[in-house]
Every structure is written in structure tokens, then in C-alpha cells.
Amino acid sequence: MELTIGELERKANILRQDVIEATSEAGSGHPGGSLSSADMMAALYFRAMNHDPTDPHWEDRDRFVLSKGHAAPILYAALAESGYFPKEELLNLRKMGSGLQGHPVRGKVPGVEMSTGSLGQGLSMACGIALAGKLDGKGHRIYCLLGDGELQSGQNWEAAMFARHYRLNNLIAIVDRNRLQITGNTESAMSLEPLPDKWKAFGWNVMIIDGHSMIQIVEALAKAKESETNPTVIIMNTVKGKGVSFMENNCGFHGKACNANERGEALRELGCNK
Amino acid sequence: MKLAQRNYYGRALAELAEKDPDIVVIDADLADSTKTSEFKKAAPGRFIEVGVAEQNMIGIASGLAASGKTVFASTFAVFATGRCWEQIRLAVAYPKLNVKIVATHCGISVGEDGASHQALEDMALMRALPNMTVISPADAYEAYAATMAIAELEGPVYMRLGRAEFPPITEEDAPFTVGKASVLREGSDVTLVGTGQMVAFCMEAADHLAEEGIDAEVINMSTIKPLDKATLRASLRKTGCSVTAEEHSIIGGLGAAVAEFLAREMPLPLEMIGTMDTFGESGTPSQLFEKYGLTPGDIAEAVKRSLERKMELRE
Chain A
1 MELTIGELER
11 KANILRQDVI
21 EATSEAGSGH
31 PGGSLSSADM
41 MAALYFRAMN
51 HDPTDPHWED
61 RDRFVLSKGH
71 AAPILYAALA
81 ESGYFPKEEL
91 LNLRKMGSGL
101 QGHPVRGKVP
111 GVEMSTGSLG
121 QGLSMACGIA
131 LAGKLDGKGH
141 RIYCLLGDGE
151 LQSGQNWEAA
161 MFARHYRLNN
171 LIAIVDRNRL
181 QITGNTESAM
191 SLEPLPDKWK
201 AFGWNVMIID
211 GHSMIQIVEA
221 LAKAKESETN
231 PTVIIMNTVK
241 GKGVSFMENN
251 CGFHGKACNA
261 NERGEALREL
271 GCNK
Chain B
1001 MKLAQRNYYG
1011 RALAELAEKD
1021 PDIVVIDADL
1031 ADSTKTSEFK
1041 KAAPGRFIEV
1051 GVAEQNMIGI
1061 ASGLAASGKT
1071 VFASTFAVFA
1081 TGRCWEQIRL
1091 AVAYPKLNVK
1101 IVATHCGISV
1111 GEDGASHQAL
1121 EDMALMRALP
1131 NMTVISPADA
1141 YEAYAATMAI
1151 AELEGPVYMR
1161 LGRAEFPPIT
1171 EEDAPFTVGK
1181 ASVLREGSDV
1191 TLVGTGQMVA
1201 FCMEAADHLA
1211 EEGIDAEVIN
1221 MSTIKPLDKA
1231 TLRASLRKTG
1241 CSVTAEEHSI
1251 IGGLGAAVAE
1261 FLAREMPLPL
1271 EMIGTMDTFG
1281 ESGTPSQLFE
1291 KYGLTPGDIA
1301 EAVKRSLERK
1311 MELRE
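Chains as they are written, first to last, in our numbering: chain A, 1 to 274; chain B, 1001 to 1315.
If you're looking for bench data, these hints aren't it; they were derived computationally from the structure. In this text the structure is predicted, and so the values were computed from the model without any measurement. Yeah, the Cβ is synthetic: ideal placement off N, Cα and C, and Gly gets one too. Accuracy of the hints is not assured; some may be wrong.
[What the hints assert, rightly or not] Pairs of lysine to any residue residues, derived as SDA-like cross-links and limited to a Cα-Cα distance of at most 20 angstroms, are as follows: (1) A:Lys138 / B:Pro1021; (2) A:Lys134 / B:Gly1045; (3) A:Lys134 / A:Met49; (4) A:Lys198 / A:Asn230; (5) A:Lys108 / B:Tyr1094; (6) A:Lys256 / A:Val239; (7) B:Lys1238 / B:Leu1313; (8) B:Lys1180 / B:Arg1237; (9) A:Lys225 / A:Met207; (10) A:Lys223 / A:Met49; (11) B:Lys1096 / A:Ala260; (12) A:Lys108 / B:Pro1130; (13) A:Lys134 / B:Arg1046; (14) A:Lys138 / B:Gly1045; (15) A:Lys134 / B:Ala1043; (16) B:Lys1096 / B:Trp1085; (17) B:Lys1304 / B:Glu1290; (18) B:Lys1096 / A:Pro110; (19) B:Lys1096 / A:Gly117; (20) A:Lys134 / B:Asp1020; (21) A:Lys138 / A:Arg164; (22) B:Lys1096 / A:Pro56; (23) A:Lys138 / B:Arg1046; (24) A:Lys95 / A:Ala260; (25) B:Lys1229 / B:Ile1250; (26) B:Lys1096 / A:Gly107; (27) B:Lys1096 / A:Val105.
[Said to hold, decoys possible] Reference listing, derived: stretches of chain B covered by chain A, where coverage requires no fewer than 3 residues with Cβ under 8 angstroms from a Cβ of chain A: (28) 1041 to 1051; (29) 1062 to 1076.
Generate coordinates for the entire structure from the input sequences, incorporating the hints supplied.
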């Protein structure tokens, strides 16, 4: 049964709480870029994607590649909430012996498709998976979540060229356009704009949405499935750290977890009763 | 009769195209040179051109392999290992995916194109990666057999092939076992360990040495990683000294692998033939072999140094 927009929003909120808990417990990690993509991840895992947590290797599943691998906490949260593994495992994030490595590793956690974490490589991997789907005459789709900062890496544009050349309409890229990278604003570090024009020039369908509007996300994902020839990119404008006032638009929380006080405050803001 | 390894790679791929529907071949604008064009002729739908984009090529290969394909990815050795080393590390070696990186145009025998195109560091780069198997066949026949063998092997492989034609020294249709060296000539005075085209030079050197009364054993070390320690151990127990020969830097390749083994297990004299921490340049292959000290004569000289050191140890 399909979740309503309201239910998806509540899922996103649960994922945000999980991100705060897991990264705080770990004492490190990347909460900022996890929170900015929480709404999209909820829409993907609880509405758009055709997947079965009881059968992670199901041949016809839709695949998800987290190119911005540092946002591993939000992926793990989505997988755990979906039922791929027990939610308690989230508290072992980044701990020795846990499958929940600092950056995602294929084969260590059910539901993690590819090893990522070194930026700029996920879209190529997603293209390869999409191409294999085409070669095998399959109908599944491949979703790839990219950071905006990593689009400064040239390999993405090699992949963008490839996806259009091979008419990978089963590939849907999503750019988490939170405008912040470690150094600061993306436009002062290495300007990406006009970003939609770049994708258009590479022959992609381009959609620009508010990445915190669940209705816009759900509609964009539905529309992306209709593409008959070209790959689609959804550029979603987001706020890094979204949902926790003191983390919002704060580069400091790119790669730093909340301390005990901040954790409590963040969870209160997210309406957690723990 | 002179044969090029890359032609036999192409021939093997064309056969594999018929045999295994899960094989996909990917190339970066060099199919006519790497001979993946033979696969393209046999199975055009499973040949993927990526253009001049090696980093993307590795990512695509990774995604294809993650979807159950056996992927052969080819370009020149410099680009196949250097341009996209970190892509290979993250997208292929770490997740142990079934990608065979088969590079042609290794070593200085590339010739006239010069240093930019002469891979002398590729084995070092690939050998350092966990989960990676590294293969360097001795001639065209072995290139064919190794291609067929690695198609059956699950996991990441790097195989280096040459551009030039040279006479084969192994038997056509001899079976190839990954990780198994072969003794091409038995001897008791010194162990010559060669890889790639240098195996033929080792055989030539052994002939010259025989005329001088030196009895050299020649090992074809066609798998650099994992190194066939058993064959080395047995030979060195008998001979007590060794020389390695490779068309590669002495840093990080065959010589280094043998040195690491000897230092740990049986510290015996070793002389290395290879490029001495230097880039190549334009020239004919034979001029370059001469200048960079990679001729059968250089190997024979190294044998004498190794033998002298063995004598000193025994005194």
C-alpha cells in the first residue's frame, strides 16, 4: 500500500532522527549532507523504488547508488527502516567489526549496491548497472544520489556523456544541491552554475525541485520514470543539515557529529520523544 | 615466426564471445590497437565504447560486473593503470568485482611513441592493490591461454600485454594456470626469472651462458601476483642465486616481488634486470632494449654478478 505524502514526511523525520542518533553514537560522520537528502531518501525507499528488503539480491529490483558516499548514515537509516537489517545496528555505525562502515561497502550490508566514498565515481557505476539492465532487457531503474560539490569532478561528466550516448532512460540521477562543500559555498569554491544548463547540454532531462517538498519529490520521481529515451537528473535544492536549526546551512556539520547536548537538542527539534 | 600478444588476446575474446553470453568488453577508443575490435566483430551488442574516458570506463565496468557480467576492459597500460588507479581501487579491487583489466602497449617495446606511452610502472600499481591478480604472459600463445583462463576466474585481474611482435617460446595450446610458474629450462647454477617478452631473452641468455659452462634454470613467471613461491623455492634451493628480468621498473614489479620473497624466506643473491627508476623515450624497441639494459647480454652479465655474490657468500 502506497504511503501518503504525510506518511512519507514522517518517514523522513524518522530517518533524520536515526542519522542524529547514529552519528552522535559514533562520535563522527557526516550528518549535514545526510539530513539534506532525507526527504528524497524517504521518497525513494518508501514510494518510488521497487525493492524487497527480504530479498536484497532480487534480480529485478531497482538499484540505488550513493555516489555521495559520506552520506552513508542516511542510506543505512533508510535500509534499516525498510527492514534490511535491525535498526539497533545503526548504533554500531563506524564501529570496528560493523558492516556499517564510514562509507558504504558492497557486500557488507544488505541493500548496499556499490562501494563508494571517494567522490565522483558513483554515476559511472550507476551507468554500468543501467547498461547491464539494458543488455539484459530488464525494466528496473537505477537511482544515483550525487552531492553537488562532487560535480566538480570530471568523471561525472564522462558518465553524463555516456548515459545519454547509450540512451540510459532507466537511469535517474539526483543532485543534492545544498550549495555547501567542506570549503564553504560551492559557488565560491568552484562554481557549478549554471548547473541545469550543463546537464541539458549533455542531453539529459532536467528537473529542478525543492528537495524538502515531499509532493514535489514524489511528482518528480514519477515523471522521471516516464522518460522514453534520455536519462533524467533531478536537481533538488536543499538545505544542508535540514531539520535541525543549528545545523542548517552550517558547514561545520558536514563531517562532524553532534555532542551529547547537541544530540538531545537536535532530537527534540525533530520531535523525538526519547 | 613473430606473433603479437594483442592479436592473440583479440582471438581469444572472439572465441569467448561465442562461448559466454555474460562477457562484455569495454574499450576507450583504442579497440583497433588493443584488438578488442575482434570481440566487437563477433558480438557487437556486447562491445561497449566509452570514448577517451578511462576513469568512466572503470566505473562502467564495475557496474556491469555488479550486475553479473564478466567484463574485459582494455586500453594502453599507461592509461589502464595510471589514469584510473583510484577508480580501480574503489570500484573493482575493494568490492572484488569480476573485471579483467587487460592492457596492451606495456613497456619500452612500445617504441617510437615515447615515454608518455611506455608503461613501466603498471605492475607496481596493480600489485599494490589487495584482491588484484597480476598476470604478464610470456608470448602470444600464453596471452591467448591466459585470456581464456582469467575468463573463468572470479575476481579482479590485471593482465599486461605488449604491442610488438616476437617469436613465441611456449607451446601453442598449452594450458595456463593462474599463479603457476613454469620451468622452461632446467639448470643448477643460477635461476633466471623472467616475465613477458623478457622470458625469451632469458632463454637466449641461458644459451650463451651454456657456452661458457654456466648452467642456468629459466622460470617463466607469468603470474606476478600471487607469486609462485613453491617454484621459486625449489629452484633457488638448487641454484642458490637468481636474476629477474622484466620490461618494467625494478621498483614494484617482478624483481621487487621476488626480492620480497627472498628477503623473508631465503636471503640469497638477486640481480634485477628492468628499467632503473627512469622513463623511456622514442626509439625502435631494439635500440631501447639496448639503451635501458634489457638485452640477453645484459641478463648474462647480471648472471655473472649474481654468481660472484653467491661465491662470496660461500667463502
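Against the structure, the hints:
no.: 1; hint: A:Lys138 / B:Pro1021; result: holds, 16 angstroms
no.: 2; hint: A:Lys134 / B:Gly1045; result: holds, 11 angstroms
no.: 3; hint: A:Lys134 / A:Met49; result: holds, 18 angstroms
no.: 4; hint: A:Lys198 / A:Asn230; result: holds, 15 angstroms
no.: 5; hint: A:Lys108 / B:Tyr1094; result: holds, 11 angstroms
no.: 6; hint: A:Lys256 / A:Val239; result: holds, 16 angstroms
no.: 7; hint: B:Lys1238 / B:Leu1313; result: holds, 15 angstroms
no.: 8; hint: B:Lys1180 / B:Arg1237; result: holds, 18 angstroms
no.: 9; hint: A:Lys225 / A:Met207; result: holds, 12 angstroms
no.: 10; hint: A:Lys223 / A:Met49; result: holds, 13 angstroms
no.: 11; hint: B:Lys1096 / A:Ala260; result: violated, 39 angstroms
no.: 12; hint: A:Lys108 / B:Pro1130; result: holds, 17 angstroms
no.: 13; hint: A:Lys134 / B:Arg1046; result: holds, 11 angstroms
no.: 14; hint: A:Lys138 / B:Gly1045; result: holds, 15 angstroms
no.: 15; hint: A:Lys134 / B:Ala1043; result: holds, 15 angstroms
no.: 16; hint: B:Lys1096 / B:Trp1085; result: holds, 15 angstroms
no.: 17; hint: B:Lys1304 / B:Glu1290; result: holds, 18 angstroms
no.: 18; hint: B:Lys1096 / A:Pro110; result: holds, 16 angstroms
no.: 19; hint: B:Lys1096 / A:Gly117; result: holds, 16 angstroms
no.: 20; hint: A:Lys134 / B:Asp1020; result: holds, 18 angstroms
no.: 21; hint: A:Lys138 / A:Arg164; result: holds, 18 angstroms
no.: 22; hint: B:Lys1096 / A:Pro56; result: holds, 19 angstroms
no.: 23; hint: A:Lys138 / B:Arg1046; result: holds, 15 angstroms
no.: 24; hint: A:Lys95 / A:Ala260; result: holds, 18 angstroms
no.: 25; hint: B:Lys1229 / B:Ile1250; result: holds, 19 angstroms
no.: 26; hint: B:Lys1096 / A:Gly107; result: holds, 10 angstroms
no.: 27; hint: B:Lys1096 / A:Val105; result: holds, 11 angstroms
no.: 28; hint: 1041 to 1051; result: holds (count 5)
no.: 29; hint: 1062 to 1076; result: holds (count 8)
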